[in-house]
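K.L.:
With the hints as extra help, turn the sequences into a complete structure.
Numbering (this note's numbering), first residue to last: 19 to 639.
Among the clues, some could well be false.
Stated by the list, open to error - No farther apart than 27 Å at their CA atoms in a straight line, the calculated lysine-lysine pairs in the DSS-like style are these:
no., residue 1, residue 2
1, K457, K326
2, K457, K77
3, K124, K326
Because the hints were derived from the structure by calculation, they are not lab data.
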Amino acid sequence: MKNSIRQMLRTPFKLLLFFLFLGASAVLLTLGLRLWLETGEKIRQAEETFTTIGMVRQKENLMEAVPSWDAGTKSYTYFDHPVYEEILPESILDFDDADYLAGPEKRPVYGSWMPDSSLAWDESMAMLGIFIAEISPVEDCVPSQPVQVDIRRVLYGDARGSTQCWFCDHNNPDPPSMEKGKTYIAALLPAGSSHPDRKEVAIECIPYGTGPATSQCTETGERISGKFADLEEKAGESNEMWEEVTDGFYETGRGVYWLNTIEAIEKFYKTSFVLPVNSLGLLPSFHNKESVVLEGREISQEEFEKGKNVCMISQSFAQRNSLGIGDELPLSLYFADYGDAPGYLWLMRDFGLLNAQGEVYPAFWEADYEIVGFYQYTPSGEKDINAVELTEDMILIPAKSVKASDENNIVKYGPMQTGTTSFQIPNGSSADFLEDFQKTENSDFLEIQFDDNGYEQVRRELEAAGNTAALLAVTGLLCAAGILLLLVYFFIVKQKRRTAIERSLGMTRNQCRKSLLGSMLIFTLFAALTGSFISMGLYAGVKDGLDQEETQGYSMKYSTWQEQEPSQEDLETLEQQDLKTGNLVYIGVPLFLLAGMLGLSWIFMERNLKTPPMEMLSMRE
19 MKNSIRQMLR TPFKLLLFFL FLGASAVLLT LGLRLWLETG EKIRQAEETF
69 TTIGMVRQKE NLMEAVPSWD AGTKSYTYFD HPVYEEILPE SILDFDDADY
119 LAGPEKRPVY GSWMPDSSLA WDESMAMLGI FIAEISPVED CVPSQPVQVD
169 IRRVLYGDAR GSTQCWFCDH NNPDPPSMEK GKTYIAALLP AGSSHPDRKE
219 VAIECIPYGT GPATSQCTET GERISGKFAD LEEKAGESNE MWEEVTDGFY
269 ETGRGVYWLN TIEAIEKFYK TSFVLPVNSL GLLPSFHNKE SVVLEGREIS
319 QEEFEKGKNV CMISQSFAQR NSLGIGDELP LSLYFADYGD APGYLWLMRD
369 FGLLNAQGEV YPAFWEADYE IVGFYQYTPS GEKDINAVEL TEDMILIPAK
419 SVKASDENNI VKYGPMQTGT TSFQIPNGSS ADFLEDFQKT ENSDFLEIQF
469 DDNGYEQVRR ELEAAGNTAA LLAVTGLLCA AGILLLLVYF FIVKQKRRTA
519 IERSLGMTRN QCRKSLLGSM LIFTLFAALT GSFISMGLYA GVKDGLDQEE
569 TQGYSMKYST WQEQEPSQED LETLEQQDLK TGNLVYIGVP LFLLAGMLGL
619 SWIFMERNLK TPPMEMLSMR E
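P.N.:
This is the structure in structure tokens:
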């Protein structure tokens, strides 16, 4: 061994160059392999962590300008209203080449009567101050401008002690006249006066669209006929917003409808919205983590599939009603809205609260639901109300848990909206999906938005990083192979004379092998370990830079798109796995290079040893 080392040290400059080149090759090979394994693991995590959903909206055929009269300015204001020639069902998304992981589904909004619960809009409705009352004008008039009326009787809400108010049929360009001494019933909304020529009027009461009305329809959106619906179709027979109260009025059809409407309004404003779903992943806010579980857990996939009576509620609803995980929440579902996204419904109700018979909708499903989790919804920015699928007090339940049909309780049917209709497809398949979908008959009438949490961008950048790492590793491997071949050439192949002399002096083949290989293997191992150690420090710096970049956008380790924030135990497990992989690389590469050196050296060394010493002495180097 000493002789072997002494022989190598005879050429120190050449030896130093070989050491530097072999160490550099080991650095490239180790660092490249380590980064390649890291990016591969991140791609695997991305496949498990990210999901891709599509949100569907039916395009309107045209936008119609709908006029709204303003009695204050005596002019019309025009609002765009979408017009659809036909409401398309979600079944048109079922085409031959569709590869769905979940969905497509069009989610209705259910209304659950909850008289004993404290609801978010209790305070809102109190602030609005809507009330239904019998009023009587102090003089004959036409309420095209504010007119003073006596409040005879409040049937719903709170007039806040007022016995008089200014009444104006604000949005009616041609309201009917009112006579002194007669009594009228109206749903009233107090609002700041917009009449510049009436300085004495600070607050006016405007007829609010909560009078008797029905919009009941079938599962395909067709209007259901009935005595109330038929009556409503008779133009001019009644004024939906307000009308005269005569003797025996409340025994007539219209009077009964008003009484039923009052009951329905009381019921509606003690109603919480319920969202039946088949997977939380299909909800955009849960998909992009605008909604997160704060306590308890999510509804499991098994519970969705089996239709278990479990639910998730907002944390604010839970706190307001002193509810805890595991408590039972009684639900009484009595209407189904297939036309509105929850965000729209929260701001505006434009459907009738009575069925086609003029009656309050009865419950179609009643059951107790176990609370399994509290969630919090924090919108990331302003959104189209038709794209919002969660509202205050929204209760989430498995769609299959509703075992009864809602066909007799449908209050509205409308087109697919991004807040109501979605599906899930495999990651990276959105382009293929669109290509196949555009071949279908009705593709021109639908707009599909995809959200993959940034998967395709992440994958592209990870694959680019992986390709760079692979290039480093291959470059390091080729350089190492070249350096090893040169080492074998100079210290094995060109040592024929040395081998012949050692054989002639009586050394055995094994002794010759030790003489040639000892220093070579030590040198190779030392150079490779040095390179591996250097690459360890370089990798730590590169990884810190990558983690900082990823944390700003899409870190897999601390990803905001993971099902949950990783626990300390999870993070420790990841660190241990990372350390194990690193150790295998940092030790494996030097051993691999050592094995390569041994193999190459053995091939050429054995050839020399098989040649007679005198023959080798006669050979030219």
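K.L.:
Now tell me if each hint is right for this structure.
P.N.:
Outcome of the hint check:
Straight-line distance between C-alpha atoms of K457 and K326 comes to about 39 Å, which puts the hinted pair past the 27 Å bound. For a cut-off of 27 Å, the pair hint linking K457 to K77 stands: about 17 Å separates their Cα positions. At most 27 Å may separate the alpha-carbon atoms for a hinted pair to count; K124 and K326 meet this at roughly 20 Å.
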